[in-house]
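Build out the structure end to end from the sequences listed, making use of the hints.
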Amino acid sequence: MSATDAGAPRVRSGTTFGRRSAAAVLASPVLTLLVLFAAPLAYLTWVSFSEADITGDGSFTFDNYAEVLGEPIYRSVFLDTIVISFTAMAILFVIAFPLAAFLAFRAGKWEIPMLLALVLTDELNPLIRLYAWQIVMNKEGVINKVLQGLGIVDEPITLLFTKTAVVVVLATGSLAFVVIPIYAALKTVNRNLIEAARDLGASWVTILREILLPLSAAGFIAAIIIVFVPMLSDFASPAVVGGREGYMIASLIEEEFNARGNWGVGSALSFVILAISGVMVWVSIRISKVGRLGS
Amino acid sequence: MKQAEAVAAGRTVRGSRSGSRSVPKVVWTIRRRELVTNAASAVLLLAGSLILFGPFLLLAFLSFNDSQIMSFRFDGLTLRFYQEALADEAMRESLRNSLIVAGLTTPICLVLGTLSAFGVARFTFRGRGGVAAALALPLVVPSLLVGVGALVTFSKVDVPLSLTTVGLMHIVVGFPLVMAIVTAALYRFDRSLEEAALDLGATRRELLWYVLLPYLVPALAAAAIFVFGWSFNSFTVTFFTVGSERMFTVWVFSRLRQGTNLPLVNAISTLVTAGTVVVVYIAYSLLRRSAVRSGQDVRTLVAGGPAQ
Numbered sequence: 015m016s017a018t019d020a021g022a023p024r025v026r027s028g029t030t031f032g033r034r035s036a037a038a039v040l041a042s043p044v045l046t047l048l049v050l051f052a053a054p055l056a057y058l059t060w061v062s063f064s065e066a067d068i069t070g071d072g073s074f075t076f077d078n079y080a081e082v083l084g085e086p087i088y089r090s091v092f093l094d095t096i097v098i099s100f101t102a103m104a105i106l107f108v109i110a111f112p113l114a115a116f117l118a119f120r121a122g123k124w125e126i127p128m129l130l131a132l133v134l135t136d137e138l139n140p141l142i143r144l145y146a147w148q149i150v151m152n153k154e155g156v157i158n159k160v161l162q163g164l165g166i167v168d169e170p171i172t173l174l175f176t177k178t179a180v181v182v183v184l185a186t187g188s189l190a191f192v193v194i195p196i197y198a199a200l201k202t203v204n205r206n207l208i209e210a211a212r213d214l215g216a217s218w219v220t221i222l223r224e225i226l227l228p229l230s231a232a233g234f235i236a237a238i239i240i241v242f243v244p245m246l247s248d249f250a251s252p253a254v255v256g257g258r259e260g261y262m263i264a265s266l267i268e269e270e271f272n273a274r275g276n277w278g279v280g281s282a283l284s285f286v287i288l289a290i291s292g293v294m295v296w297v298s299i300r301i302s303k304v305g306r307l308g309s
Numbered sequence: 035m036k037q038a039e040a041v042a043a044g045r046t047v048r049g050s051r052s053g054s055r056s057v058p059k060v061v062w063t064i065r066r067r068e069l070v071t072n073a074a075s076a077v078l079l080l081a082g083s084l085i086l087f088g089p090f091l092l093l094a095f096l097s098f099n100d101s102q103i104m105s106f107r108f109d110g111l112t113l114r115f116y117q118e119a120l121a122d123e124a125m126r127e128s129l130r131n132s133l134i135v136a137g138l139t140t141p142i143c144l145v146l147g148t149l150s151a152f153g154v155a156r157f158t159f160r161g162r163g164g165v166a167a168a169l170a171l172p173l174v175v176p177s178l179l180v181g182v183g184a185l186v187t188f189s190k191v192d193v194p195l196s197l198t199t200v201g202l203m204h205i206v207v208g209f210p211l212v213m214a215i216v217t218a219a220l221y222r223f224d225r226s227l228e229e230a231a232l233d234l235g236a237t238r239r240e241l242l243w244y245v246l247l248p249y250l251v252p253a254l255a256a257a258a259i260f261v262f263g264w265s266f267n268s269f270t271v272t273f274f275t276v277g278s279e280r281m282f283t284v285w286v287f288s289r290l291r292q293g294t295n296l297p298l299v300n301a302i303s304t305l306v307t308a309g310t311v312v313v314v315y316i317a318y319s320l321l322r323r324s325a326v327r328s329g330q331d332v333r334t335l336v337a338g339g340p341a342q
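Residue numbers (the working numbering), protein chains in the order written: chain C, 15 to 309; chain B, 35 to 342.
Hint data in this document are derived by calculation from the structure and do not stem from the laboratory. Errors might be hidden in some of the hints.
Chain B regions said to be covered by chain C (calculated; three or more residues, Cβ under 8 angstroms) [stated by the list, open to error]:
id : segment
1  : 81–92
2  : 183–189
3  : 196–207
Reference listing, derived: stretches of chain B covered by chain C, where coverage requires no fewer than 3 residues with Cβ under 8 angstroms from a Cβ of chain C [unchecked claim]:
id : segment
4  : 160–172
5  : 303–309
From the three backbone atoms N, C-alpha and C, an ideal C-beta is built for every residue, glycine too.
Structure follows, in structure tokens:
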């Protein structure tokens with residue numbers, strides 16, 4: 015894109031419509047952002063440093079953060095959340111990469127129908143999906159029926175209301191969001207590069223490691239931002255299929271706000287989620303840069 | 035050239051090493067490899083579709099099964115759960131509210147998002163990068179923070195939670211999504227066409243109306259589908275800003291938490307899923323037609339949009 019801009023010197027970048035009206039064009043979106051996004055987050059920050067509860071304001075305090083970071087119960091939920099979402103993310107990448115590669119290189123006339131099917135799964139209602147998985151993983155559910163029918167297990171196994179159930183639901187619920195960005199990145203890979211590597215005797219493992227993975231790094235980063243961050247916010251999945259065992263930070267926050275009315279602690283916990291997602295995004299961007307320099 | 039010859043030679047050497055009748059064997063190896071890859075692809079696709087669509091098909095099956103419990107023994111065909119579901123006032127209201135909120139927020143998001151995209155992609159001013167990043171923030175910040183932030187703030191300024199508060203929060207998360215899609219489309223647009231229009235004496239208004247907007251129609255349509263779907267399916271933000279009003283995702287969630295009247299949920303879930311499939315398919319057909327008309331690839335519109 016920048017190359018074509020540079021190739022056409024007559025077109026000076028970004029000046030088609032002059033400068034003065036920039037403010038006029040951007041005023042309403044920026045105002046919306048300030049009032050409905052920035053202000054609430056600023057106030058939430060204040061609440062996390064105050065003794066506020068549902069009744070109103072309190073004075074300044076560090077107690078909420080001390081409680082959130084000090085209590086062993088919270089710490090174990092943090093750990094569970096990180097384990098659950100990392101496992102789900104790892105599974106997602108393992109399933110999504112071959113699917114994306116197939117879609118980008120081998121699907122042929124099926125490429126567009128498959129892409130449409132993936133986009134469709136984006137639009138299907140996530141709560142309905144959760145409910146469907148609840149039925150699938152039931153003691154009487156399909157998985158148990160199949161396992162028993164094949165004689166693999168005698169008694170129905172407990173799937174529902176475990177960490178595994180939450181991982182399954184998180185990994186399957188976001189598949190499309192991971193496949194599509196990786197597909198988009200792979201689509202930009204020059205096919206001749208792969209042909210050349212193959213002709214020079216590279217095994218498919220080498221092609222994967224040296225060409226496809228580094229060049230689709232942008233897709234992986236996009237997937238982490240689109241999928242991993244929302245996973246940390248998700249309290250519907252733990253609530254519907256996780257039960258007591260598959261508890262996540264978001265479940266704690268929902269409880270602090272709705273059941274206990276403890277807004278200070280709830281807000282502090284929200285900023286823990288923000289911190290984890292920020293670190294995650296930063297680390298993945300760093301890794302992708304290091305990887306690109308290395309190759 | 036020499037390299038290519040060496041490569042070709044290397045290939046022959048490797049081929050002949052595998053046996054005296056090298057040619058058929060090589061062909062066989064290639065065929066077998068092809069077969070293995072095809073089988074692997076088939077398994078992969080089957081597993082993928084099963085994971086993505088299996089659960090929904092199961093719900094559809096259960097919704098027609100004349101049984102109160104979630105069993106897979108087929109007890110006969112029935113439509114009574116559909117009748118009960120459609121007669122359920124709470125469900126109808128929640129569905130109606132969700133459609134109204136999505137229907138009203140989508141056009142507002144389209145306007146705000148397109149303005150942002152133009153501001154970011156077609157103007158130069160100091161701090162443009164910062165403004166672009168700030169406008170994209172609602173897509174990156176976990177939606178839980180948006181939801182609880184809105185909850186505490188609306189309570190602080192004494193705005194009672196209602197469908198309006200839900201709609202407002204849907205707008206602030208939805209318009210950056212539109213911005214992302216339209217910005218990507220604007221960057222893909224051949225700028226020399228804009229210059230040509232101006233050189234040929236078009237006013238800026240005519241440039242917008244006759245050159246840019248027709249080009250943007252497919253991108254705007256794609257954005258509209260994404261935002262409408264996002265709003266309708268949104269749970270986290272909706273849950274914290276809805277108060278005592280009824281919205282579809284929140285209604286399903288409370289049904290699941292209480293575990294009551296589940297066959298009714300089967301029926302309505304199947305209806306909503308079927309509706310989504312039909313709407314997405316129609317939208318896609320229209321999208322493809324308008325994309326072809328303005329010479330764009332529907333794949334870039336769909337996959338290159340949100341992911342840039």
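>> Closer than 8 angstroms Cβ to Cβ for three or more residues is the test here. Does the segment 81–92 of chain B pass it with chain C?
In response: holds (count 10)
>> Closer than 8 angstroms Cβ to Cβ for three or more residues is the test here. Does the segment 196–207 of chain B pass it with chain C?
In response: That given contact holds, which follows from 4 residues of the segment 196–207 of chain B lying within Cβ reach (below 8 angstroms) of chain C.
> Counting residues of the segment 183–189 of chain B with a beta carbon closer than 8 angstroms to any beta carbon of chain C, are there 3 or more?
Replying inline: holds (count 6)
> For the segment 303–309 of chain B, do at least 3 residues have a Cβ located nearer than 8 angstroms to some Cβ of chain C?
Replying inline: That given contact holds, which follows from 3 residues of the segment 303–309 of chain B lying within Cβ reach (below 8 angstroms) of chain C.
> For the segment 160–172 of chain B, do three or more residues have a beta carbon lying closer than 8 angstroms to a beta carbon of chain C?
Replying inline: holds (count 6)
Every hint, counting from the list given before, is met by this structure.
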